Amino acid sequence: MIRHRAGYDDIVVTAPVTLPYVRYSIHGAHWFLAGALAALLKRAGLDKTRIDGLCVSSFTLSPDTAVALTQHLGLTLRWLDHVPMGGACGVVALRRAARAVQSGDAQGVACIAGDTNHTDSFRLNLATFSQFARDAVYPYGSGGANASFAFLTGYYMRSYGAKREDFGKLCIAQRANALKFPHALMKKPLSLEEYLTARLIAEPLRLFDCVMPCAGAEAFLVLRRGEAEALGLPYARVLSTIERHNAFPDDPIQFRGGWALDRDELYTQAGVGPRDIDVLATYDDYPVISLMQMEDLGFCDKGEGPDFVRRNTFTVDGSFPVNTSGGQLSVGQAGAAGGFLGLVEVIRQLAGQPLGGAVANAKIGLASGFGMINYDRGLCSGAAILAARGGPA
Amino acid sequence: MTDPILMQLVAELAAGRIRVVDLTQTLSPDFPQIVLPPEMGQAWPFRIEEASRYDERGPSWYWNNFSCSEHTGTHFDAPVHWISGRHLPDGSTDTVPSAHFIAPACVLDCSRQAAADADFLLTVAFLRKWEARHGRIPRRSWVLMRTDWSKRTDPVAYQNLDETGQHTPGPDTAAVRFLVEERDVLGFGSEAIGTDAGQAFHLKPPYPCHYYMHGAGRYGLQCLTNLDLLPATGAVVIAAPLKIRDGSGSPLRAIALVPAPAGARSRVRASANTAKRRGAKTRR
Amino acid sequence: MTRPLLRPPRKNPVVRTRLPTLPPAGRSRVALGLTAAAARDRFELQVCRDCGTVQYPPREACRACLSQRLDWRPQDGTGELVSETTLWHSHELFYRERMPWRLGLVRLDCGPVVVAHLHGDCAAAPSRVRVRAALDRAGQATLIALPEKDTPNMADDRQLREMTCDPKFRKVLITDAKTALGQAMVEAIAAAGADIVWAGYAEPWKKAPGFDRLKALPQVAPLPLDLTDSRAVKDAAGEIGGRVDILINTADYHRNYGIAARNGLDAARAEMDMNYFGLLRLAQEFAPALRGRGADGQSSAVAWVNLLSIFALSNFPPHGTYSASKAAALSLAQCLRAELSAAGVRVINVFPGPIDDEWSQLVPPPKIAPARLASDIVEALRGAAEDIYPGDIAQEWLARWRDNPKTLERELAAASH
Numbered sequence: 047m048i049r050h051r052a053g054y055d056d057i058v059v060t061a062p063v064t065l066p067y068v069r070y071s072i073h074g075a076h077w078f079l080a081g082a083l084a085a086l087l088k089r090a091g092l093d094k095t096r097i098d099g100l101c102v103s104s105f106t107l108s109p110d111t112a113v114a115l116t117q118h119l120g121l122t123l124r125w126l127d128h129v130p131m132g133g134a135c136g137v138v139a140l141r142r143a144a145r146a147v148q149s150g151d152a153q154g155v156a157c158i159a160g161d162t163n164h165t166d167s168f169r170l171n172l173a174t175f176s177q178f179a180r181d182a183v184y185p186y187g188s189g190g191a192n193a194s195f196a197f198l199t200g201y202y203m204r205s206y207g208a209k210r211e212d213f214g215k216l217c218i219a220q221r222a223n224a225l226k227f228p229h230a231l232m233k234k235p236l237s238l239e240e241y242l243t244a245r246l247i248a249e250p251l252r253l254f255d256c257v258m259p260c261a262g263a264e265a266f267l268v269l270r271r272g273e274a275e276a277l278g279l280p281y282a283r284v285l286s287t288i289e290r291h292n293a294f295p296d297d298p299i300q301f302r303g304g305w306a307l308d309r310d311e312l313y314t315q316a317g318v319g320p321r322d323i324d325v326l327a328t329y330d331d332y333p334v335i336s337l338m339q340m341e342d343l344g345f346c347d348k349g350e351g352p353d354f355v356r357r358n359t360f361t362v363d364g365s366f367p368v369n370t371s372g373g374q375l376s377v378g379q380a381g382a383a384g385g386f387l388g389l390v391e392v393i394r395q396l397a398g399q400p401l402g403g404a405v406a407n408a409k410i411g412l413a414s415g416f417g418m419i420n421y422d423r424g425l426c427s428g429a430a431i432l433a434a435r436g437g438p439a
Numbered sequence: 554m555t556d557p558i559l560m561q562l563v564a565e566l567a568a569g570r571i572r573v574v575d576l577t578q579t580l581s582p583d584f585p586q587i588v589l590p591p592e593m594g595q596a597w598p599f600r601i602e603e604a605s606r607y608d609e610r611g612p613s614w615y616w617n618n619f620s621c622s623e624h625t626g627t628h629f630d631a632p633v634h635w636i637s638g639r640h641l642p643d644g645s646t647d648t649v650p651s652a653h654f655i656a657p658a659c660v661l662d663c664s665r666q667a668a669a670d671a672d673f674l675l676t677v678a679f680l681r682k683w684e685a686r687h688g689r690i691p692r693r694s695w696v697l698m699r700t701d702w703s704k705r706t707d708p709v710a711y712q713n714l715d716e717t718g719q720h721t722p723g724p725d726t727a728a729v730r731f732l733v734e735e736r737d738v739l740g741f742g743s744e745a746i747g748t749d750a751g752q753a754f755h756l757k758p759p760y761p762c763h764y765y766m767h768g769a770g771r772y773g774l775q776c777l778t779n780l781d782l783l784p785a786t787g788a789v790v791i792a793a794p795l796k797i798r799d800g801s802g803s804p805l806r807a808i809a810l811v812p813a814p815a816g817a818r819s820r821v822r823a824s825a826n827t828a829k830r831r832g833a834k835t836r837r
Numbered sequence: 007m008t009r010p011l012l013r014p015p016r017k018n019p020v021v022r023t024r025l026p027t028l029p030p031a032g033r034s035r036v037a038l039g040l041t042a043a044a045a046r047d048r049f050e051l052q053v054c055r056d057c058g059t060v061q062y063p064p065r066e067a068c069r070a071c072l073s074q075r076l077d078w079r080p081q082d083g084t085g086e087l088v089s090e091t092t093l094w095h096s097h098e099l100f101y102r103e104r105m106p107w108r109l110g111l112v113r114l115d116c117g118p119v120v121v122a123h124l125h126g127d128c129a130a131a132p133s134r135v136r137v138r139a140a141l142d143r144a145g146q147a148t149l150i151a152l153p154e155k156d157t158p159n160m161a162d163d164r165q166l167r168e169m170t171c172d173p174k175f176r177k178v179l180i181t182d183a184k185t186a187l188g189q190a191m192v193e194a195i196a197a198a199g200a201d202i203v204w205a206g207y208a209e210p211w212k213k214a215p216g217f218d219r220l221k222a223l224p225q226v227a228p229l230p231l232d233l234t235d236s237r238a239v240k241d242a243a244g245e246i247g248g249r250v251d252i253l254i255n256t257a258d259y260h261r262n263y264g265i266a267a268r269n270g271l272d273a274a275r276a277e278m279d280m281n282y283f284g285l286l287r288l289a290q291e292f293a294p295a296l297r298g299r300g301a302d303g304q305s306s307a308v309a310w311v312n313l314l315s316i317f318a319l320s321n322f323p324p325h326g327t328y329s330a331s332k333a334a335a336l337s338l339a340q341c342l343r344a345e346l347s348a349a350g351v352r353v354i355n356v357f358p359g360p361i362d363d364e365w366s367q368l369v370p371p372p373k374i375a376p377a378r379l380a381s382d383i384v385e386a387l388r389g390a391a392e393d394i395y396p397g398d399i400a401q402e403w404l405a406r407w408r409d410n411p412k413t414l415e416r417e418l419a420a421a422s423h
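Chains as they are written, first to last, in the numbering used here: chain G, 47 to 439; chain V, 554 to 837; chain U, 7 to 423.
Hints in this document: simulated from the structure, not taken from any laboratory.
The reader is advised that the hints may include incorrect statements.
To be verified - With a cut-off of at most 20 Å between alpha-carbon atoms, the simulated SDA-like pairs for lysine to any residue come out as follows:
| id | chain 1 | residue 1 | chain 2 | residue 2 |
| --- | --- | --- | --- | --- |
| 1 | U | K212 | V | D707 |
| 2 | V | K796 | V | A656 |
| 3 | U | K213 | V | M593 |
| 4 | V | K704 | U | E209 |
| 5 | U | K212 | V | D672 |
| 6 | G | K215 | G | G190 |
| 7 | U | K213 | V | R705 |
| 8 | U | K240 | V | A656 |
| 9 | G | K209 | U | K17 |
| 10 | G | K88 | G | L123 |
| 11 | U | K221 | U | A198 |
| 12 | U | K212 | V | A656 |
| 13 | U | K177 | U | D362 |
| 14 | G | K209 | G | R302 |
| 15 | U | K212 | V | P708 |
| 16 | U | K212 | V | Y607 |
| 17 | G | K88 | G | G278 |
| 18 | U | K240 | V | Y607 |
| 19 | U | K212 | V | R705 |
| 20 | U | K155 | U | P132 |
| 21 | U | K17 | U | R249 |
| 22 | U | K213 | V | L674 |
| 23 | U | K213 | V | A656 |
| 24 | U | K213 | V | Y607 |
As the list claims (entries may be wrong) - Anything over 12 Å on all C-beta distances counts as not near chain U; from chain V, calculated:
| id | residue |
| --- | --- |
| 25 | D556 |
| 26 | I558 |
| 27 | L566 |
| 28 | V573 |
| 29 | P585 |
| 30 | M593 |
| 31 | P598 |
| 32 | R600 |
| 33 | Y615 |
| 34 | P657 |
| 35 | R681 |
| 36 | D737 |
| 37 | I746 |
Predicted model, so just to flag it, every value in this text is computed and none were measured.
Ideal placement from N, C-alpha and C gives every residue a C-beta, glycine not left out.
Start from the sequences and build out the full structure, keeping to the hints where you can.
In structure tokens form, the structure reads like this:
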């Protein structure tokens, strides 16, 4: 049943910002978040005092949360949120901020996500990621999600006939996209041979199936269209969003995500269909999840992912542009900023301000979010459909 | 009158014309302890625990705490040790007259007989034969039964237990009564783990040496060593137990003073005696 | 197919000994319920008393109906292997040193999906498996999926061996090998494939029938050892401590007195000196050597077994002072367990009921035969539990004690009148 939800009227997203990623940094998360906020303000031509709402996502801000940042960064706010939802934080932050501005609770909300990365950050974060991870996953030796997604990749290959070459095709296309993107940490082209023979991580996953943890930050600003135009800022319009947590809890393994429950609502509210999407950003912590999003977001049927991959090309100039800045697999995963990366790239494409390759005639974009492997599956799923200025109402 | 004699004793000792023979086994955890049936109260073996050894428990000193029975190692039996002596005055280690700590000793060489028969019993006949050779046993002297049992340094051989119990030499009933009633001795000493023979439970009365000696207010010495270094007569034994209130006995340092000529012979014999009990050194 | 274990080559004395590392040991309190069951060789999961849902990972409330009335109930562990992987990379030192490592995702027949270690003989997914809970080297419960039916040499699986203390090719010290139980223990451990069995004995002048027979076994090396003598324990540790992989403390001084039945302290003191202080002396001298060898190759130091008694849980008044000495030993064994945990050496506490020997002569049957007890201890070493209760009496008293310790106290007092 499709619930009728309020639309997003004249809410827009603007000032997409990426702070350059680095592999390791001696700075704390506060440094990256401050940097992203400063870059956003500069981009928007706004003084700090003009921002009255803030939404923050970070894994390495501890012991601080968003509240501490108000004093740390000298902000006096009417609206504040902290979104600890990993790869879904971009879409969720957009949802929160959009309603705040729409209702008048805030005039403009800066959404920022960023993390630092020390040589032991990843290992320490894993050990305390969640109670279930600590009790039921970490003791088995696989740090983080590698084992869970190895299980899923193997299951997916067995169930739907996906081959490693299919995953490889996506990774190679994203690498080609990344070579044009100035902030990507991966700077060498990737061949299928290299992809197939790379170091084993957790069978069947090899090195290039996994993201590289790094430090960095992303940000965007949510405003009413009138204000964005008054400031002379390029923007993208928000057509629809969805969000879901702990979907399909009784599935033995996560072969489908929450989008499958909510995608009809997503497209209905936006007034478009999958064929209308010009540029897609999937949350790509592992290639199998990108295929799952393509299926669950309606670009093909469940199980048709491999076939869909074989029939399309995914570079900026391909038949179906995906992760046009390179995705996390080629740019790097700067902690929670990984949940913003795809959304920020779609905003740039639709606002006509790409940093790397441009998707020709990009009018409608879809950014998907996924994250929080609490135990054996990602609990959060979300998506947002945005439109370029002057596109469909 | 005694003054010059005492000074002479000291001078003779210093000159080596009187030698000191150590009759005592070294107290160590390895020394065998008397075996009683499991249902009985047991005599503790010697145990020793460090309190500190120039370490964090005591930087500049070394000391131990130890525990044992009153009847562990070379030890003295007081009259109250046995039921027959329980009512005697001056019967515990704190009330035994200290004048009794120094006394002459007669050493009965049963080593050949004990080697042939672990259950050898000392008899009146043996005593009479000994007296024929060495003279009458003086009253208030120690009678020490030399069996060379202390040369059994293997604890298993020293205990000499089998399915019927312990097999060690000792006196028979008549011999004990003779020594107490006819010779008025101070006490009986043995190299083995008891003054009574290992199978003395089966004599009448059981354990006659304990029964009659202690019943008459006499004493016992056990686990002696180096009796082979003593002359048959003429040695003076110094055996002073610890002054334990109501004590039934105690481990002690038992020594003998012997004249030098015998000592010189003893020295030759000591060097020939190379057998050493594990953990127990015999020193003259 | 699991390859049978081979005798490891001799250790290269020039190479540094690998130090013990452990799998991650942190668990929430509610997850420790799994460990409590695995310690007794049980696989238990939370079952909701109100709606019957079985859940995993452990939670503070029922995931289905939010009820907080959750009971830990035994599970048979049967299920379907949904997917699998082999790790070639880990951030954890323990696993890094043991790559590659096979893991599986299993959907249990009772409902939940579990991540588990995967035995090498489990067929590729989809396949039927049996999941059991084992204690890992960190002493925490971990799940391992085994093939549906036993396979040859199954116990020799490299990953499963990280959860067990198999005596095969190991060197074992049995502190008192003279008693009936001690002798049975020597025979059972030798039959289980140990390379050396040091047979401890005290008071050599007291012969034990049957002890001499043991010396004929090629693996057996008699070892003088009196647990009441600190120096002797120190000397024994100096001589063999650096080679002991498994220590089985069978030394036991057992008399049948409560408080009123015996004047004086002699029997009680002897019981404490052997059963409690003996363990302390042994632990002070031998634990350091075992601690250093927790990861020393295939024949690493791996277990410390204490022969306690079911009387340690609740005093058996006819053997009252003995029970107290065993209770003291139990407490100390818990301390030892904590101190050895960082080295991955498992302390196994054995709580038999009355053993069929002279000191339980007046206790009515059922009593456990020494040979049976010895074989139960060998099974515990081959398994992955740490508290075992051999025999019918031990099982029954344990059940009563877990149900309500106070009622067992009353029942034992009544039985002794």
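Do the hints match the structure? See the list:
Our distance criterion of 20 Å between C-alpha atoms is met by K212 (chain U) and D707 (chain V), whose separation comes to about 13 Å. For the proposed pair K796 (chain V) and A656 (chain V), the alpha carbon gap of about 18 Å is at most 20 Å, so the pair holds. Taken as a hint, the K213 (chain U) and M593 (chain V) pair is honoured in the structure, with Cα atoms around 19 Å apart against an allowance of 20 Å. Among the hinted pairs, K704 (chain V) with E209 (chain U) is consistent with the structure: their alpha-carbon atoms are about 19 Å apart, no more than 20 Å.
Simply put, K212 (chain U) and D672 (chain V) have alpha-carbon atoms about 18 Å apart, close enough for the 20 Å limit, and the pair holds. Pair hint K215 (chain G) plus G190 (chain G) does not hold up; C-alpha atoms about 25 Å apart against a cutoff of 20 Å. Straight-line distance between C-alpha atoms of K213 (chain U) and R705 (chain V) comes to about 18 Å, which keeps the hinted pair within the 20 Å bound. For the suggested pair K240 (chain U) and A656 (chain V), the alpha carbons sit about 42 Å apart, so the restraint of at most 20 Å is broken.
Restraint check: the Cα-Cα separation between K209 (chain G) and K17 (chain U) comes to about 45 Å, which exceeds 20 Å; the hinted pair is violated. A distance of roughly 19 Å separates the Cα atoms of K88 (chain G) and L123 (chain G); the hinted pair therefore holds under the 20 Å criterion. Restraint check: the Cα-Cα separation between K221 (chain U) and A198 (chain U) comes to about 17 Å, which is no more than 20 Å; the hinted pair holds. Taking the CA atoms of K212 (chain U) and A656 (chain V), the gap is about 37 Å. The hint is violated against a cut of 20 Å.
Taking the CA atoms of K177 (chain U) and D362 (chain U), the gap is about 28 Å. The hint is violated against a cut of 20 Å. At roughly 18 Å between alpha-carbon atoms, K209 (chain G) and R302 (chain G) fall within 20 Å of each other, so this suggested pair holds. Proximity of K212 (chain U) to P708 (chain V) is assessed by CA-CA distance (about 10 Å); at most 20 Å being required, the pair is judged to hold. The straight-line distance between the Cα atoms of K212 (chain U) and Y607 (chain V) is roughly 38 Å, outside the 20 Å bound, and the hint therefore fails.
About 13 Å separates the Cα atoms of K88 (chain G) and G278 (chain G), which keeps this hinted pair within 20 Å; it holds. For a cut-off of 20 Å, the pair hint linking K240 (chain U) to Y607 (chain V) stands: about 18 Å separates their Cα positions. Proximity of K212 (chain U) to R705 (chain V) is assessed by CA-CA distance (about 16 Å); at most 20 Å being required, the pair is judged to hold. A hinted pair counts as satisfied when its Cα atoms are at most 20 Å apart, and K155 (chain U) with P132 (chain U) qualifies at roughly 16 Å.
For the hint pairing K17 (chain U) with R249 (chain U), the CA-to-CA distance comes to about 11 Å; that is within 20 Å, so the pair holds. Simply put, K213 (chain U) and L674 (chain V) have alpha-carbon atoms about 25 Å apart, too far for the 20 Å limit, and the pair is violated. Between the alpha carbons of K213 (chain U) and A656 (chain V) the distance comes to roughly 40 Å, so the proposed pair goes past 20 Å and is violated. This hinted pair does not check out: K213 (chain U) and Y607 (chain V) have alpha carbons roughly 40 Å apart, beyond 20 Å.
In this structure D556 (chain V) is separated from chain U by more than 12 Å, as the shortest Cβ-Cβ distance comes to about 47 Å. Residue placement check: I558 (chain V) keeps its beta carbon more than 12 Å from all beta carbons of chain U (closest about 45 Å). Taking the minimum C-beta to C-beta distance to chain U, about 35 Å, the non-interface status of L566 (chain V) holds against the 12 Å cut. Every Cβ of chain U is farther than 12 Å from the Cβ of V573 (chain V); the closest lies at roughly 29 Å, confirming the non-interface assignment.
Distance to chain U contradicts P585 (chain V) as a non-interface residue, since its nearest Cβ pair spans about 6 Å, not more than 12 Å. Non-interface status of M593 (chain V) relative to chain U is broken: a Cβ of that chain comes within 12 Å, the nearest being about 9 Å off. Not every beta carbon of chain U lies more than 12 Å from that of P598 (chain V), the smallest distance being close to 8 Å; the non-interface claim is violated. Residue-level check failed: R600 (chain V) sits 6 Å from the nearest beta carbon of chain U, not beyond 12 Å.
The claim that Y615 (chain V) is not at the interface with chain U holds, since no C-beta of that chain comes within 12 Å of its own (minimum 15 Å). Distance check on P657 (chain V): its Cβ is at least 34 Å (rounded) from any Cβ of chain U, clearing the 12 Å threshold; non-interface status holds. Every CB of chain U lies more than 12 Å from the CB of R681 (chain V), the least distance being 35 Å, so the non-interface label holds. Interface exclusion of D737 (chain V) from chain U stands, the closest Cβ pair being 36 Å apart, more than 12 Å.
The claim that I746 (chain V) lies off the interface is violated: its Cβ sits roughly 10 Å from the closest Cβ of chain U, which falls inside the 12 Å cut-off.
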